[in-house]
Amino acid sequence: MKNTLIKYFLLFLIISASVLILIFSISGIEIDSSIYSLLPSDYNLKRTVKLTSHSSVSDKVLLYISADSREIMDSAIDEVNSFISEYKFLEDYLPDGDDIADIRSYLQDNSLVLYPYELMEAPFSRESIRERLDAKFDYLLSSPFEDLSESFFSDPLNLSLDILKMQFKASNLFSMYKGGVVSEDYTAYLRVFSSGFYPEEYGKSAELEKIDKKLKEINPSYSAFIFSSHLYFLESSQTIQKEIFVIFFVSILLTLFIFIYFFRRLSLLIYSIMPILAGISITFLAVRIFYGRFGAIAIAFGATSAGICIDYSIHYISKLNLYTTLTELRKKIGLSMFMGYVTTLISFMILPFSGINSLIEIAVFGVAVLTLSFIFSWFVLQAFIKPENVNYEIKVINFTGLYKSRFHRLAFSVMALLIIISVVFSVFLKLESNPFGLDMAHNELDKKASLIMENFGESTDNVFIAFYGNTPDHAIESSIKATVLLYNENEDLLFLNPAIFLASDSIIKRRIEYIKTAFNYNYFKEAISKSEFTEDSFYPFEEKYNSAVSGEYNITHKPSYLADELKKSIVEYDDKFYYMIHIGSREKAAGIEDVLKKGGIDYIAVDILKDSAYGLLEFEKRALFLVVFSLLIISFLLFFINKKFIYAFTSVLPAVSGVSSAIAAAVLTNTPINIMHITAFILIVGIGVDYGIFVSNVISNNGNVAEINRTIQSILSSALTTVAGFGVLAFSSSRAVHSLGISMLIGIMTAFLTAYIILPYVIGNKKS
Amino acid sequence: MRKILLIAITVLSALNLTAMEIPVPENHYLFTKFEFERTAPFLRNPVKGEGIIVMSGKDRFLFNQIKPVEIKIIMNQGSVSYQKGDAKPIVMSGMPDDMDNGNIAVLFSGDTERINEFFNIEYKKENGKDYFLLKPLSDNKQFRTVDSIDIISSKDKIEIIKLNYKNRSVLKYVFKDTVTGIMPDEKYFN
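Chains V and B supply the protein sequences, listed in that same order. Quick note: the working numbering has the first sequence finishing at residue 768, numbered continuously throughout. Quick note: the working numbering has the second sequence finishing at residue 190, numbered continuously throughout.
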């Protein structure tokens, strides 16, 4: 009695401590739900992810309003803008009136050195100077209220207007209206903000979500919403976090239900969950201490690992009252349990070779949970309940009845045919090349993106051209060379480049050298004498010319708007500086590349879709090879230990059938195989081999009916708990998690059926 | 352009002045012809021209310079456009937006209190005429090149508006055939 109380107390202690450790650990782990953690980490892709996620575009937030009429639109804009102004972190991205005036003055003041002589028509011929002065006078007549400050007189040849026109060609112009842009019929309005933070900062992104919700409630006579990449990241993160909790509880409940059905005693249940809880809680604690931040996919896996870890308890408890002593029990099933643990471990240990963060995390998690659960099961559970002190019966189903009936051959034939068909279908598998195929579907957000594209004609492809150099100036210079090239080859391919307005010192020096030789001061004075302007009208310009020629030219203050935009567009990576220009259209980017390749310009195209596709496909091919390789390693190991080919064959057959059925299901549903499918295949290999080992072992060692029934029952309960743990993932909205769940569901059940129906037939026939 | 509109509105609002307040045309309806002359140290000869100004309600006005170069500046229900000759009009930022910033529509609205935030206004009456002298306040960015604005009117009709710039150039508008209180023809805003 005393011993029983001590046992219960220790059990209570272990379980309570495990729960507390689990709660403490989970609360302190930061979850990373970015799909980038699912992508192979080759250099190019890592660079693309860094450049894209820290570009000047990635912190942009769009405000969109639609209304049926101009009157409603006007009041809608005023109402919404007044509401938005309360959120100080949202700063206008487009330049306001003061910014534009600032830029205009700056361009006029420095037009002499900012004009890109290297690409535009030379403005210094006698005729050109005269024409430009006439145009200046015409401009004065056309602008009765023009600000006739010193800036006006710094640009007699209207060079600043040419610079502006060149950039206007590169942009789609909409009417500037009330801080944003408006469609021609005034039924759609768009305003662009900088948020000052990147999409991975989920805490701050939640504020954007709140704004979006409130916008919907302001006024039913119009529709308004916020749109940005932050909301995509946030939606993925929130969805998967909610689902993790649900998945965790549902999988635990299902596992417990299955357990109670077969074993019928609450005490057995409590003993069985003890190794799982202990294993999972210590693993989460280690994650919190050594990592701090962990991937959502690995956490989701952690939530369902109960389904795998409970196998050790199930296999043990199923055979408890078949033997009289623990020693005898360990002799009978110890090796099988250990081999099952080792083969499952091997399948996890393959994952780090992928180089993918999420899979490495799953491997770390899996190895830790499995090992700890196995240790607790072997040393603690088996100390608590042994054959010596067991006096209960468990529900036993007569599985061997099938083997004695005439239906076994039929069942075998059907099952064998299904396996063969699965293997044949598997040959037609397709691999996933789109990394966003792993994310959940963002239907609402995609609709909003389409609406914006429809009304403002801008493609939202996340494509950049990045000019690089060892210093920011080098990168900027490359971009200016590119602009020159595009202007000469195909103006339609020009992009907006603030660097044109902020030329580097080296470019200005070159221009001054050009001006010294090309600008004819006499022509200029002659043209003025024949114009409507007096001789000394453009004294500020002449002063600038003189200081340029004497090597004392200084650029006047750069407009803060342009300087800020340029700074935000430069990203440092691996000791290089990348000047990111958002192109927004794959078609245009391809056209630009065709031109730039001829020019020997240092640039790269940054397109996360394209950059990940190649690596993703290569990885998936390698990973599938690793799955086959792990099967060979396991087969070899089993053959080495048992010295029998048939034993090795039957041990791996459930795994082979499980994997091929999961692949066939994907082929039939026209689903490309992705990384998470492959993760499932690796798990199916590890678990399927367990089933094969247990059944092959008991039948080839001439196990009696009770032993065979218990073995089949134990692998059935294992299969059901695994399916309960992973099958719920099939309901996740994250396509990555769904792939894992559905593959496990199909693969594990097929592995079980193979172990139950096929193996006894093969081994039995072989023996006879 | 904002500067253009600011000064345009100053001119417009000056067309209906009473006492110390910058007046607003009766019912915000106005039609007037003008001739202008610009003299400047940087010009060999004065620049002369002519045109019309039309207002129809608080948020619609037209400044149409006919000579020497035809331009139209139209404010219509919150948007402002600029058109030279037959070229496509360029639409710019809406007036009510700027009203919040207290510049363009301030003068146009006849809101004396707000106008006084930008100008110091001196007034005198002499020989039956009203004389207004507007001086931009020192922190006024919009009028930084303007030294002062002289406005002369007789009863409710403006006769002259003279913009005196710091660079010693002068832009002088002389108004004639001014009509207020009667809704102008809609054709001017189509």
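Honestly, the hints are just simulated from the structure, not real lab data. A couple of the hints might just be wrong.
Said to hold, decoys possible - Examples of chain V residues toward chain B, derived with CB under 10 Å:
hint, residue
1, I72
2, L141
3, F145
4, V364
5, E532
6, F533
7, R586
8, E587
9, K588
Said to hold, decoys possible - Distance condition first, Cα-Cα at most 25 Å in a straight line; then the derived DSS-like pairs of lysine-lysine:
hint, chain 1, residue 1, chain 2, residue 2
10, V, K597, V, K50
11, V, K530, B, K48
12, B, K72, B, K172
13, B, K48, V, K165
14, V, K568, V, K332
15, V, K165, V, K644
16, V, K331, V, K644
17, V, K88, V, K165
18, V, K165, B, K129
19, B, K67, B, K33
20, V, K165, V, K588
21, V, K530, B, K67
22, V, K88, V, K568
23, B, K129, B, K176
24, B, K88, V, K165
Note that the coordinates shown come from a computational prediction; the quantities given were computed from them, not determined experimentally. Virtual Cβ for every residue (Gly too), placed ideally from N, Cα, C.
Cross-check of the supplied hints:
{"no.": "1", "hint": "I72", "verdict": "violated, 13 Å"}
{"no.": "2", "hint": "L141", "verdict": "holds, 4 Å"}
{"no.": "3", "hint": "F145", "verdict": "holds, 4 Å"}
{"no.": "4", "hint": "V364", "verdict": "violated, 56 Å"}
{"no.": "5", "hint": "E532", "verdict": "holds, 6 Å"}
{"no.": "6", "hint": "F533", "verdict": "holds, 6 Å"}
{"no.": "7", "hint": "R586", "verdict": "violated, 31 Å"}
{"no.": "8", "hint": "E587", "verdict": "violated, 27 Å"}
{"no.": "9", "hint": "K588", "verdict": "violated, 25 Å"}
{"no.": "10", "hint": "V:K597 to V:K50", "verdict": "holds, 24 Å"}
{"no.": "11", "hint": "V:K530 to B:K48", "verdict": "holds, 19 Å"}
{"no.": "12", "hint": "B:K72 to B:K172", "verdict": "holds, 19 Å"}
{"no.": "13", "hint": "B:K48 to V:K165", "verdict": "violated, 29 Å"}
{"no.": "14", "hint": "V:K568 to V:K332", "verdict": "violated, 68 Å"}
{"no.": "15", "hint": "V:K165 to V:K644", "verdict": "violated, 82 Å"}
{"no.": "16", "hint": "V:K331 to V:K644", "verdict": "holds, 20 Å"}
{"no.": "17", "hint": "V:K88 to V:K165", "verdict": "violated, 33 Å"}
{"no.": "18", "hint": "V:K165 to B:K129", "verdict": "violated, 48 Å"}
{"no.": "19", "hint": "B:K67 to B:K33", "verdict": "holds, 12 Å"}
{"no.": "20", "hint": "V:K165 to V:K588", "verdict": "holds, 20 Å"}
{"no.": "21", "hint": "V:K530 to B:K67", "verdict": "holds, 22 Å"}
{"no.": "22", "hint": "V:K88 to V:K568", "verdict": "holds, 19 Å"}
{"no.": "23", "hint": "B:K129 to B:K176", "verdict": "holds, 16 Å"}
{"no.": "24", "hint": "B:K88 to V:K165", "verdict": "holds, 15 Å"}
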